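Given the coordinates of chain D, work out where chain E should sit on it, guided by the hints.
Number of protein chains: 2
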Amino acid sequence: MALIVQKYGGTSVGSVERIQAVAEKVARFQAEGNQVVVVVSAMSGETNRLIALAKEIADEPSPREMDVLLSTGEQCTIALLCMALENMGVPARSYTGGQVRILTDHSHMKARIEAIDDARVRADLDAGRIVVVAGFQGVDHDGSITTLGRGGSDTTAVALAAALKADECQIYTDVDGVYTTDPRVVPRAQRLEKVTFEEMLELASLGSKVLQIRAVEFAGKYSVPLRVLHSFKDGPGTLITVDDEVDMEQPVISGIAFSRDEAKIIVRGAPDTPGIAYKILGPVGAANIEVDMIVQNVGKDGAADFTFTVNRNDVKRARQALEAESANLGNPELIADDKIAKISLVGVGMRSHAGVASKMFGALAEEGINIEMISTSEIKISVVIAEKYLELAVRALHSAFGLDAPAED
Amino acid sequence: MALIVQKYGGTSVGSVERIQAVAEKVARFQAEGNQVVVVVSAMSGETNRLIALAKEIADEPSPREMDVLLSTGEQCTIALLCMALENMGVPARSYTGGQVRILTDHSHMKARIEAIDDARVRADLDAGRIVVVAGFQGVDHDGSITTLGRGGSDTTAVALAAALKADECQIYTDVDGVYTTDPRVVPRAQRLEKVTFEEMLELASLGSKVLQIRAVEFAGKYSVPLRVLHSFKDGPGTLITVDDEVDMEQPVISGIAFSRDEAKIIVRGAPDTPGIAYKILGPVGAANIEVDMIVQNVGKDGAADFTFTVNRNDVKRARQALEAESANLGNPELIADDKIAKISLVGVGMRSHAGVASKMFGALAEEGINIEMISTSEIKISVVIAEKYLELAVRALHSAFGLDAPAED
Chain D
1 MALIVQKYGG TSVGSVERIQ AVAEKVARFQ AEGNQVVVVV SAMSGETNRL IALAKEIADE
61 PSPREMDVLL STGEQCTIAL LCMALENMGV PARSYTGGQV RILTDHSHMK ARIEAIDDAR
121 VRADLDAGRI VVVAGFQGVD HDGSITTLGR GGSDTTAVAL AAALKADECQ IYTDVDGVYT
181 TDPRVVPRAQ RLEKVTFEEM LELASLGSKV LQIRAVEFAG KYSVPLRVLH SFKDGPGTLI
241 TVDDEVDMEQ PVISGIAFSR DEAKIIVRGA PDTPGIAYKI LGPVGAANIE VDMIVQNVGK
301 DGAADFTFTV NRNDVKRARQ ALEAESANLG NPELIADDKI AKISLVGVGM RSHAGVASKM
361 FGALAEEGIN IEMISTSEIK ISVVIAEKYL ELAVRALHSA FGLDAPAED
Chain E
1 MALIVQKYGG TSVGSVERIQ AVAEKVARFQ AEGNQVVVVV SAMSGETNRL IALAKEIADE
61 PSPREMDVLL STGEQCTIAL LCMALENMGV PARSYTGGQV RILTDHSHMK ARIEAIDDAR
121 VRADLDAGRI VVVAGFQGVD HDGSITTLGR GGSDTTAVAL AAALKADECQ IYTDVDGVYT
181 TDPRVVPRAQ RLEKVTFEEM LELASLGSKV LQIRAVEFAG KYSVPLRVLH SFKDGPGTLI
241 TVDDEVDMEQ PVISGIAFSR DEAKIIVRGA PDTPGIAYKI LGPVGAANIE VDMIVQNVGK
301 DGAADFTFTV NRNDVKRARQ ALEAESANLG NPELIADDKI AKISLVGVGM RSHAGVASKM
361 FGALAEEGIN IEMISTSEIK ISVVIAEKYL ELAVRALHSA FGLDAPAED
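Line by line, the protein sequences are chains D and E.
Residues 1 to 409 in full-length UniProt numbering are what the first sequence spells out, letter by letter.
Residues 1 to 409 in full-length UniProt numbering are what the second sequence spells out, letter by letter.
Just chain D, same shape as in the assembly (with noise of 0.2 Å):
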C-alpha cells in the first residue's frame, strides 16, 4: 500500500464541477490502494477576490489579519471536496493548515515550514479516510493563522510527503509534464519522463512555472519523490528526482529554458579598479533591485566594460541608482537595453561532458546569431542574445542537443 499525497492547484478546484471531478481522481487512486492525502489550493479567483476586499478596507492592511482572510479561500475548497467525497460514500476529513497542526515561523504572508504534526493526519489515513488538507497556510507558536505566500500550496504537499514519509507527491497541474522546452516556441519538444530537483530548480528559476522553487528545494532537501501530472488528463507525467535515480545514459541536457524578462545595463569606461563591482552593484542592490547575470571585461585603456542583468520591470530605477553615483563611478557611459533575451541549457549530464558550450556556441553561430553575455554554472549555461532571435536560437539547440521528438510520419 502507497502512501500517496495529491495536490491540486486553484484551476482543478475552480468549480462545483471540477471539485468533483478531483473527488472522483482521488477516490479511484484510494480504491486502487493507496493512501492519499489531498492538498488544496483556493478556487482559482477566490484569493484576488479576497485581496481587492482588503484593499478596498486599507491600502496596505496588517500582514496578520491578510493571513486570517486568505486562509479562508483553501478552507472552503477542503470543506466542499470532503462533502464531495462523503456524498459519494468516500470517508474524508478535512483540516485547515492550523489543524493538521502545520507549524510556521512568525512572517506574515511569508511564513516558513517549521515541524508538521503528523499524528492526526496518519490516525484518518488508517482508519481508511482521505484527508483533505489547507494548503497555504499553517499557524504560528502564537496560535495565529500564516500564509507561506503564492504559490504555497505545492510547499504543503511536499511538506506533508516530507512529514508522512509519502511515497511519491503528486502535483497536479494545467501541463502535463515538464518539457524539454516550452512547445508552443518548438512544437518538437518532449516531456521529460525524469528529471533531476537540482535540474527542476534551474528550469524554475528560469521561467519554468510548472513547480515553485521552494517547494522543489523542499523536495529536494528531504528527497521527495516529486512527481508532476495534469489534472485532468491520464498520463505519467514528471517524475522529479534525486540525481542518482537518474539514467546514466540520459541525454546530456535534459532542457532549455528561455525568458524575455531581461533586460541589460552596460556601464562603460569606470575605471578598473578593485571594488569597482562593488561600487556599481551596490546602489543597485540597495535599491532593492535584484541583479541576475554579471560580466565584466577590461576594456581598452586600462577602463572596464561592466555588463548585468536585471528584471525588465527594474531596468529605469536601476538606470537611476546607477546615475546618481556616477561620479563616484568616474561617470561612465551607461546603457541600458531591454530587447534582449537569455536561454539556458539545463542538465547533470553537462558534468560528465566536456564540449556542451563550445557545441552550443557553434549552433548559435551557424544561425548567424550574436551571443551578448555568458554565464555557466555546474548543470547549466546561460547565453544572451537580441530578443529576435529567440525562437530561432531555441529551436536550432534543441535539435542540436538532440531533444526534438522523432518527426510523426
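It is worth saying that the hints were derived from the structure and are not from the lab.
Careful: at least some of the hints might be erroneous.
Just so you know, same-sequence chains aren't split out, so a pair can sit in one copy or run between any two.
[Said to hold, decoys possible] With a straight-line cut-off of 30 Å between C-alpha atoms, the simulated DSS-like cross-links for lysine-lysine are:
| no. | residue 1 | residue 2 |
| --- | --- | --- |
| 1 | Lys359 | Lys110 |
| 2 | Lys55 | Lys25 |
| 3 | Lys316 | Lys110 |
| 4 | Lys233 | Lys55 |
| 5 | Lys194 | Lys25 |
| 6 | Lys221 | Lys165 |
| 7 | Lys165 | Lys25 |
| 8 | Lys165 | Lys233 |
| 9 | Lys359 | Lys55 |
| 10 | Lys165 | Lys388 |
| 11 | Lys165 | Lys194 |
| 12 | Lys359 | Lys339 |
| 13 | Lys339 | Lys279 |
| 14 | Lys221 | Lys110 |
| 15 | Lys55 | Lys165 |
| 16 | Lys359 | Lys388 |
| 17 | Lys233 | Lys110 |
| 18 | Lys194 | Lys233 |
Keep in mind it's a predicted model, so treat the numbers as computed, not measured.
Structure of chain E alone, referenced to chain D:
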C-alpha cells in the same frame, strides 16, 4: 473603565463601507475609556452563498464539513474589521472561535458552548487592543470546527460577556430597541427602556425577532446585562436585565406580541376517556410537529372537544397524522383553521396585579372580537382570535393597557 462586548450582525457588516462605519463606532467606544470586545457575523448574503455552494456538491452535506465551510464567513469579517481598525491606528486583533478558544460539544451545525478560555482576549484588552471575535463558531474537544446554528453570534457575544464578566453586552441590530408591540401595526408603540429576561424570552418566542431565544436564556442564566441598540443610529436602546432591577412602578404589561404563523385543529367528538389527550397528541408529536396551545373541554354527550395549535406550515401533516389514527380516536370530526392569529400580553407585573385577564377580555369584547382559545402562564396571557381582527385587537389592547405613546401635538 467598563468592559463592553458588542455584537454586530450580518447587515451591520454587509459591505466594506459598513465595516468601516462599525470600526469607527467601536474605536469611539474605546476612546471613551472602555475595553471593547466585538463579535461579528458573516457579511450579509455570505452564509447563503456558502450554503448554495455546498448544496451544489451534495444534497445533504456532511455536517462537520458544513461547519468548516460556514465558519469562513465570520472569519472574513473579523479580518476585514481588524484591518479597518488598524488602518485607523487602533490596535486590534482577530480571533476565530477556535482561537479564543470557545469550546463546544460535538453537535455540528447546532453546537452548544461548554467553556470559554478568556486568557488571550483578556491579555489583548489589557494591552490596549480591541478584540474582534468571530461569532457563531467554536471548536470541539477534537479540535474540529463547530457552529452554533443560525443566530449563534448573539450567543457567542453573551457567552463571551459572561466569561469576561463584562459590564454590558450590546447587540446591534436594525431596530433601535424592543417595542411594546410592532410599530408597523401600532404606530404609537413605544420603545421599552428596560425589560426583564423572562419578558424578553416570552416576547422572543412569540415572534419578536430582535434577539435569539438562546442568547436571552444564556444572558439570564449568567445575569449578563444585555442591551439592544441600532447599529447606525444613536440612542439608549433597550436594556434587558434581571427582575429585581426593574422599577416596581412599571406598568403591568410590558409588551404585546402576536403571530400569524399558527393554525388550529379541532378534534370534535372523541370519547372523553383518560389518556385521550395523549392519544391525540402522540401521533402529532411522532410526526415531529410542535404543538403550541392546547385546550380541552367536555362537549355534549360526554365527548371531548379538543383543540390545539401548530405552525401553519405543519397543519396539513398534523391532520394527516390524526386521520391515520382516526379509528383509535373514535372517528372524531377534524376541523383545521389557519385563519387565526395569536396575541399575547407579556409582563412580570402580572404576578402582582389581578384582573389582567378580565381587562384583556373586556377590551376585546368591546371591539366585538371573539376569543377562540385562551392560555396563560405566570407572566403571559395568550388568546387566539380570527386573523382578520388581529390589527384591531392589538391596537385596542395596546391602548387599554396604557402602552400608547403620548399623542404628538
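To see whether the hints hold, each was checked on the structure:
1. Proximity of Lys359 and Lys110 under a CA criterion of 30 Å is satisfied in neither setting, with 42 Å inside one chain copy and 71 Å between copies.
2. In this assembly of identical chains, the alpha carbons of Lys55 and Lys25 lie at most 30 Å apart only when taken from different copies (21 Å versus 37 Å within one copy).
3. Proximity of Lys316 and Lys110 under a CA criterion of 30 Å is satisfied intra-copy only: 27 Å inside one chain copy versus 59 Å between copies.
4. Taking the shortest Cα distances, Lys233 and Lys55 sit within 30 Å of each other only across copies (27 Å), while inside one copy they are farther apart (37 Å).
5. Within a single copy, Lys194 and Lys25 get their C-alpha atoms as close as 23 Å, which meets the 30 Å cut-off; across copies the closest is 60 Å, which misses it.
6. When the C-alpha separation of Lys221 and Lys165 is checked against a cutoff of 30 Å, the pair qualifies only within one copy, where the shortest distance is 13 Å, while the shortest distance between copies is 52 Å.
7. Within a single copy, Lys165 and Lys25 get their C-alpha atoms as close as 22 Å, which meets the 30 Å cut-off; across copies the closest is 52 Å, which misses it.
8. Only within a single protomer do Lys165 and Lys233 lie at most 30 Å apart by alpha-carbon distance; the minimum there is 27 Å, versus 59 Å between protomers.
9. For the identical chains of this complex, Lys359 and Lys55 are neighbours neither inside a copy (52 Å) nor across copies (61 Å), given an alpha-carbon limit of 30 Å.
10. Taking the closest pair of Cα atoms, Lys165 and Lys388 never come within 30 Å of each other, the shortest separation being 47 Å inside a single copy and 73 Å across copies.
11. Taking CA atoms no more than 30 Å apart as the test, Lys165 paired with Lys194 passes inside one copy only; the shortest distance there is 20 Å, against 63 Å between copies.
12. Taking identical chains as interchangeable, the C-alpha atoms of Lys359 and Lys339 lie at most 30 Å apart only when both belong to the same chain, with a minimum of 25 Å there against 94 Å between chains.
13. Taking the closest pair of Cα atoms, Lys339 and Lys279 come within 30 Å of each other only inside a single copy of the chain (26 Å); across copies the shortest separation is 91 Å, beyond that limit.
14. For the homomeric pair Lys221 and Lys110, the shortest alpha-carbon distance inside one copy (19 Å) is at most 30 Å, but the shortest distance between copies (45 Å) is not.
15. In this assembly of identical chains, Lys55 and Lys165 lie within 30 Å of each other by CA distance neither inside one copy nor across copies; the values are 40 Å within and 36 Å between.
16. Only within a single protomer do Lys359 and Lys388 lie at most 30 Å apart by alpha-carbon distance; the minimum there is 21 Å, versus 97 Å between protomers.
17. Taking identical chains as interchangeable, the C-alpha atoms of Lys233 and Lys110 are never at most 30 Å apart, the minima being 32 Å within one chain and 41 Å between chains.
18. In this assembly of identical chains, Lys194 and Lys233 lie within 30 Å of each other by CA distance solely inside one copy; the values are 19 Å within and 67 Å between copies.
Hints 1, 9, 10, 15 and 17 from the list above are not met by this structure, while the remaining hints are.
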